[in-house]
Amino acid sequence: MKLLTHNFLSSHVKGVGPRGFPLRLQASEVRIMPVEFNPDFVARMIPKLSLGEVPTEPIQGYEQNEDFLRTMHHILLEVEVMEGTLQCPESGRVFPITRGIPNMLLSDEQTEA
Amino acid sequence: MSDIQEATNQLLDVNLHENQRSIQMTESGPGSESEHLQVTIGATVPTGFEQTAADEVREKLRSSCKISKDRGKIYFDISVESLAQVHCLRSVDNLFVVVQEFKDYQFKETKEEVLKDFEELAGKLSWSDPLKVWKINTNFKKKKTKHKKINQNSSKEKIDNGQGDKRDEKDVKKEFTNNALDSHILDYYEKPAIKEEISTLVGDDLASCKDETDESSKEETSPEVLKFRVTCNRAGEKHCFSSNEAARDFGGAVQDYFKWKADMTNFDVEVLLNIHNNEIIVGIALTEESLHRRNITHFGPTTLRSTLAYGMLRLCAPQPTDIIVDPMCGTGAIPIEGATEWANCFHIAGDNNPLAVNRAANNISSLLTKSQTKGKLSCGLPIDAIQWDICNLPLRTGSVDIIVTDMPFGKRMGSKKRNWNLYPACLWEMSRVCRPRTGRAALLTQDKKCFTKALSGMGHVWQKVHTVWVNIGGLHAAVYLLKRTPQAFVHPSEQDGGRTPW
Numbered sequence: 001m002k003l004l005t006h007n008f009l010s011s012h013v014k015g016v017g018p019r020g021f022p023l024r025l026q027a028s029e030v031r032i033m034p035v036e037f038n039p040d041f042v043a044r045m046i047p048k049l050s051l052g053e054v055p056t057e058p059i060q061g062y063e064q065n066e067d068f069l070r071t072m073h074h075i076l077l078e079v080e081v082m083e084g085t086l087q088c089p090e091s092g093r094v095f096p097i098t099r100g101i102p103n104m105l106l107s108d109e110q111t112e113a
Numbered sequence: 001m002s003d004i005q006e007a008t009n010q011l012l013d014v015n016l017h018e019n020q021r022s023i024q025m026t027e028s029g030p031g032s033e034s035e036h037l038q039v040t041i042g043a044t045v046p047t048g049f050e051q052t053a054a055d056e057v058r059e060k061l062r063s064s065c066k067i068s069k070d071r072g073k074i075y076f077d078i079s080v081e082s083l084a085q086v087h088c089l090r091s092v093d094n095l096f097v098v099v100q101e102f103k104d105y106q107f108k109e110t111k112e113e114v115l116k117d118f119e120e121l122a123g124k125l126s127w128s129d130p131l132k133v134w135k136i137n138t139n140f141k142k143k144k145t146k147h148k149k150i151n152q153n154s155s156k157e158k159i160d161n162g163q164g165d166k167r168d169e170k171d172v173k174k175e176f177t178n179n180a181l182d183s184h185i186l187d188y189y190e191k192p193a194i195k196e197e198i199s200t201l202v203g204d205d206l207a208s209c210k211d212e213t214d215e216s217s218k219e220e221t222s223p224e225v226l227k228f229r230v231t232c233n234r235a236g237e238k239h240c241f242s243s244n245e246a247a248r249d250f251g252g253a254v255q256d257y258f259k260w261k262a263d264m265t266n267f268d269v270e271v272l273l274n275i276h277n278n279e280i281i282v283g284i285a286l287t288e289e290s291l292h293r294r295n296i297t298h299f300g301p302t303t304l305r306s307t308l309a310y311g312m313l314r315l316c317a318p319q320p321t322d323i324i325v326d327p328m329c330g331t332g333a334i335p336i337e338g339a340t341e342w343a344n345c346f347h348i349a350g351d352n353n354p355l356a357v358n359r360a361a362n363n364i365s366s367l368l369t370k371s372q373t374k375g376k377l378s379c380g381l382p383i384d385a386i387q388w389d390i391c392n393l394p395l396r397t398g399s400v401d402i403i404v405t406d407m408p409f410g411k412r413m414g415s416k417k418r419n420w421n422l423y424p425a426c427l428w429e430m431s432r433v434c435r436p437r438t439g440r441a442a443l444l445t446q447d448k449k450c451f452t453k454a455l456s457g458m459g460h461v462w463q464k465v466h467t468v469w470v471n472i473g474g475l476h477a478a479v480y481l482l483k484r485t486p487q488a489f490v491h492p493s494e495q496d497g498g499r500t501p502w
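For the record, the sequence lines run as chains B and H. Be aware that the first sequence starts at 1, since it is given in the working numbering, and climbs by one per residue. Be aware that the second sequence starts at 1, since it is given in the working numbering, and climbs by one per residue.
If you're looking for bench data, these hints aren't it; they were derived computationally from the structure. Glycine included, every Cβ here is placed at the ideal spot set by N, Cα and C. One should not assume that every hint holds.
Said to hold, decoys possible - If you want a taste of the chain H side facing chain B, the calculated C-beta under 10 Å gives, among others:
1. F228
2. A361
3. L381
4. N392
Stated by the list, open to error - Here are some chain H residues pointing at chain B (derived, C-beta under 7 Å):
5. T321
6. E341
7. N344
8. V357
9. G380
10. A385
11. I386
12. Q387
13. W388
14. D389
15. P394
16. L395
17. R396
18. S399
Chain B with its partners taken away, still in its complex shape (with noise of 0.2 Å):
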């Protein structure tokens, strides 16, 4: 599972809606695949990620730091979780990652009705 990925999770269990974000991620098992670096693809996922209280002013301008851009594109895409855990912040509830894969099946009671 990439990062960019993860960004995109939330925890669906029962009542807790927004707070479900972001899960806990807890890693194990961790492997780097390269990817070819696009400088445009990185810039303009940005803005459709959920990057929590992020001060405005600092960030203007990113679009032409490739050091930046770099770096997120390293965390965003490269780095990915092989073994691990992802756990719900409001409700604890956890779940597996298992060859890359995460399972995030809940039980019945977990689910909304």
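We have chain B already, so just place chain H on it with the hints.
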């Protein structure tokens, strides 16, 4: 753009500009006119997606298409130098070069007379240019591996799973750059568009042929007699003959004319005789195996053709950095096609079934292995797989730009009864995760009744923009293109567990 396309573009000195898509029929040839042979190529496409395929041809080959009344076929003219690029088209299943087209063929009254006409026809056609094209094409087409002895209709699963593993091993051992013609798995990425590599290709082809089991030598090795077969497809109510009879008699005449050997299974040349009412097209096949077999090595029970997946994705007009999700991905055919063709988007494949998710992950790995053997440095792909429940997606509200999925028809997968609850729940949850105003969805289903009913209660979030009628293994299905309305999704109160769509 893939390496192949970049290389081809350099060769042809063509600039693809977005704003030139509307220009009709501008055949931009290369600098030299030396081999400037113009040919008409026919392509079979998934029925319903003829227009999408025509758009792709216009975009990539700068050529306009004629869409045949015989559903599922398009025709376009190209210069023979573009042949390699034609094999790179993502929306076509099979290709053939047109020998002759008869728009309004006059059939005689009796069967004997009609068949006699077909016999005489063989000698009257101008075969030389199409055969030249066929010859050049043998370097570009993906070869059918000999010991499988299948035709395009046979079941893919067993064969491909077995082949997949063998192929991967073989390819790792051989020192290929991008010339693995013998592989079933390595697909159009390995088709070079650079003329200098043709001879290398032929050499590798010879080498790979020796590795294959026994059997017929390729035409390049010696000037032996060619083997051929005639395939006749006939549609129409007023014909007094059968396709077999036509194929047999036309074939007999072809054999007499060329002195080729007839062989129904191990043929070099496949002559096509397509008869649709009064329209007859004689062609020579340019693909041995349908191009829709790319991408997938691990098939599931309802794997979608990659050409159909391409068509559905293209309908949504993906923009750079779009987040494209298939929440019921099965073997992952759609996201995988997406990751290869729209690599500047991010694709997420999800399914509730662990078997499906694993298959999808395996198919992704195969794809990665493929690009690694190509010698590409970058081996990551913009795609991830997750196990989840479509009715309760662990995705942020309004974060997805495009949803493309093949919904359970209720035939081989699920049941019609189950669809009654599943479809509304799906549409509802998809409307939550889909970005308001700009988001869109392309949903394939055969259970049109259930879908229409489910959609009818959701006009405030989904607007139906377009419907494409398609044929999936004989079933009349539809691809519904939906647009997400500007209305934001209203979260139910947190105490209230219900999110009923009705």
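task: Please name the hints from earlier in the document that this structure breaks, with their numbers sorted from lowest to highest.
output: Structure breaks hints 1 and 6.
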